[in-house]
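Asks: Spelled out, the chains give:
There are 2 protein chains.
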Amino acid sequence: MTTEAETEPARDRGDSSAGLARERILEAAGELFAEYGYDATPTSRIAENARVPKGLIHYYFKRKEDILVALVERLPEQRVRCEEVVVRGDLIGSLRALVGELDRRLRSSLPLSHLLWREADTHEAVRSALTQRFQLIVEQTRRVIEGALPGGSPGDIDTASVLLARAINHDHSTARLRATGVELDREIRLIARALGAGRTAEEQ
Amino acid sequence: MTTEAETEPARDRGDSSAGLARERILEAAGELFAEYGYDATPTSRIAENARVPKGLIHYYFKRKEDILVALVERLPEQRVRCEEVVVRGDLIGSLRALVGELDRRLRSSLPLSHLLWREADTHEAVRSALTQRFQLIVEQTRRVIEGALPGGSPGDIDTASVLLARAINHDHSTARLRATGVELDREIRLIARALGAGRTAEEQ
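Each protein sequence line maps, in turn, to chains C and W.
Counting along the first sequence from 1, when you hit position 190 you're at 190 in this note's numbering, and nothing is skipped either side.
Counting along the second sequence from 1, when you hit position 67 you're at 67 in this note's numbering, and nothing is skipped either side.
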């Protein structure tokens with residue numbers, strides 16, 4: 001006797017084996033895309049590495065591009081809780097803590113992040129996800145500056161937030177080429193000075 | 001009678017038809033790579049669009065990757081002559097002129113630049129060329145700051161140069177998504193203030 005559960009993929013039954021297969025597909029796809037590139041990776045190879053029948057891939061992901069979209073959603077959350085990083089009156093320390101937290105999250109997903117930067121120009125879904133992630137870093141930086149240095153000029157804070165977010169973005173997109181994050185620390189201090197936060201006791 | 005010049009490609013004869021064929025190959029490759037991506041473009045398609053026999057492509061470029069390397073070399077020169085942009089005592093104006101000149105050169109090669117940003121992660125030659133181009137922007141920014149604001153702190157000038165180069169790099173790598181260059185102008189003013197160049201007459 002063959003039950004419905006045996007003949008159909010388990011997507012809608014909410015059991016853990018279904019989630020596991022989809023997870024294995026995404027993991028294998030992420031690794032293969034990062035190593036060989038999206039275009040050069042056939043779905044048959046993904047199925048092989050994920051140890052699932054090829055049909056199951058097409059059951060979960062109608063088009064190959066949908067795998068890319070699902071991978072974007074698996075990027076680590078970049079929303080940092082302000083309370084975790086803001087120290088009122090210590091702009092440099094607060095921005096350092098924000099950048100440290102964003103770095104920590106990036107390191108957990110470096111190959112996937114690089115793959116997505118690479119595919120941003122070819123896949124609209126990836127591009128818009130990366131644009132949104134950049135905007136999120138701008139907004140968070142703005143909130144951290146406002147929290148650490150209340151009463152600053154809104155225009156200057158906006159500018160400083162975009163500038164620091166760009167530096168973080170460049171830092172992250174070239175992270176594989178670099179050894180240290182020293183420069184970003186000096187850039188934080190320069191931006192703080194421009195905002196009138198002056199030099200901290202530590203620097204004097 | 002068949003002369004040697006007729007049976008062999010004209011690469012080493014220095015005549016203009018040889019240069020023209022190589023040029024047509026590179027132009028066609030640049031357009032196809034930018035539209036369909038490097039991996040998805042077969043050399044036969046390049047030959048077709050360039051209106052040359054396929055063998056000629058392999059005569060000029062042993063491997064397909066060599067076409068990419070040759071395209072890197074065709075990027076517009078990013079070395080801006082300091083004398084053209086530096087006005088002593090006017091840091092903001094000098095940096096604006098530098099950024100304007102770099103923007104002008106980027107606009108002349110936007111699809112090609114985007115293609116190379118995209119391929120930087122997969123082709124070492126492209127990656128190292130882009131890294132060198134970034135370093136060149138850092139160095140030029142440093143020289144413009146030193147020329148416009150003599151006597152500044154070398155450490156601060158280094159930091160400001162990297163920060164502005166990162167902003168320019170982000171601006172250029174996302175240029176297709178943006179409408180204006182307004183933000184970068186505000187960032188230049190913020191960096192100038194951090195360097196002690198104060199507000200210009202224009203802003204007061």
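In case anyone wonders, no lab produced these hints; they're calculated from the structure.
These figures come from a predicted structure and were not determined experimentally.
There's no promise every hint is true.
What the hints assert, rightly or not - Quick partial rundown of chain C residues pointing at chain W, CB under 8 Å, derived from the structure:
| no. | residue |
| --- | --- |
| 1 | G37 |
| 2 | D39 |
| 3 | K62 |
| 4 | R63 |
| 5 | K64 |
| 6 | D121 |
| 7 | T159 |
| 8 | N169 |
| 9 | E183 |
| 10 | I191 |
Unchecked claim - Part of the chain C face toward chain W, derived, beta carbon under 10 Å:
| no. | residue |
| --- | --- |
| 11 | D156 |
| 12 | A165 |
| 13 | L190 |
| 14 | R193 |
Note that the Cβ used here is the ideal one computed from N, Cα and C, for glycine as well.
Asks: Determine for every hint whether it applies to the structure shown.
Replies: Comparing the hints with the structure gives:
1. G37: Result: holds, 6 Å to nearest chain W Cβ.
2. D39: holds, 4 Å
3. K62: For C:K62, the interface hint is violated, since the closest Cβ of chain W sits about 20 Å away, which is over 8 Å.
4. R63: violated, 16 Å
5. K64: Not OK, violated: C:K64 not within 8 Å of chain W, min 13 Å.
6. D121: holds, 5 Å
7. T159: This interface hint holds because 4 Å falls under the 8 Å limit.
8. N169: Holds: closest Cβ of chain W sits about 6 Å from C:N169, inside 8 Å.
9. E183: Since the shortest Cβ distance to chain W is 5 Å, the answer is holds.
10. I191: Holds - the Cβ of C:I191 comes within 8 Å of chain W, reaching about 7 Å at its closest.
11. D156: With Cβ-Cβ at 7 Å, under 10 Å, it holds.
12. A165: holds, 8 Å
13. L190: holds, 5 Å
14. R193: holds, 5 Å
This entry does not satisfy hints 3, 4, 5, going by the numbered hints stated previously.
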